[in-house]
Amino acid sequence: MFGKASESCDVYSFGILLLELASGRKPIEKLSPTVKRSITEWALPLVQEKRFKEIADPNLNGNFVEAELERMVLVALVCSHGTPDKRPTMHEVVDLLKGKAYEKLASLENDDIFKPDLIRNNREFAAIDGSSNGICVQGDAKGDMKQEAVVNLTG
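Residue 4 in full-length UniProt numbering is what sits at position 4 of the sequence shown, and the numbering runs on without skipping anything.
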């Protein structure tokens, strides 16, 4: 292990897991021998263009509630935000997924990360490797990045 687990890393990992469940995709897609794309890099442009149906796992054959898929994907992307302070707590995540935090969900939809015209640097969303094992990267008060913990979602 490379460090201590933290709630922020747990939230991040849960966000990646939600995206995997919603889309049926792996966390990292190999586009070519030298190019990889994270699940967040794939999903974010679709969310920015409000194309949530394209995110849904094809194995669902359209059998899902669109509002629930949208809520799940929005929560997943906010959980996997590259800035740990912008991630919700797990308590907030539960309320968001249950549909209890209507105002918070509405504010999520208007978050800067979902605006298509913004240029983001590559650290907006951290990436993990294709096996669902990954290193959660945290920023400290100075904005310096450091390894916080290794997470393992596959057991």
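Keep in mind the hints are simulated off the structure, nothing from the lab. Certain hints may be false.
Label-pair ranges, simulated between beta-carbon atoms [what the hints assert, rightly or not]:
1. 49 - 21: 17 to 27 angstroms
2. 103 - 30: 32 to 42 angstroms
3. 91 - 31: 18 to 28 angstroms
4. 58 - 36: 35 to 45 angstroms
5. 59 - 30: 33 to 43 angstroms
6. 25 - 67: 32 to 42 angstroms
7. 34 - 65: 34 to 44 angstroms
8. 5 - 61: 19 to 29 angstroms
9. 21 - 51: 31 to 41 angstroms
10. 33 - 103: 42 to 52 angstroms
11. 107 - 32: 18 to 28 angstroms
12. 32 - 94: 18 to 28 angstroms
Quick reminder that beta carbons are idealized off the backbone N, C-alpha and C, glycines included.
Results for each hint:
no.: 1; hint: 49 - 21: 17 to 27 angstroms; in the structure: 21 angstroms, holds
no.: 2; hint: 103 - 30: 32 to 42 angstroms; in the structure: 40 angstroms, holds
no.: 3; hint: 91 - 31: 18 to 28 angstroms; in the structure: 37 angstroms, violated
no.: 4; hint: 58 - 36: 35 to 45 angstroms; in the structure: 21 angstroms, violated
no.: 5; hint: 59 - 30: 33 to 43 angstroms; in the structure: 21 angstroms, violated
no.: 6; hint: 25 - 67: 32 to 42 angstroms; in the structure: 21 angstroms, violated
no.: 7; hint: 34 - 65: 34 to 44 angstroms; in the structure: 39 angstroms, holds
no.: 8; hint: 5 - 61: 19 to 29 angstroms; in the structure: 37 angstroms, violated
no.: 9; hint: 21 - 51: 31 to 41 angstroms; in the structure: 18 angstroms, violated
no.: 10; hint: 33 - 103: 42 to 52 angstroms; in the structure: 46 angstroms, holds
no.: 11; hint: 107 - 32: 18 to 28 angstroms; in the structure: 38 angstroms, violated
no.: 12; hint: 32 - 94: 18 to 28 angstroms; in the structure: 39 angstroms, violated
This entry does not satisfy hints 3, 4, 5, 6, 8, 9, 11, 12, going by the numbered hints stated previously.
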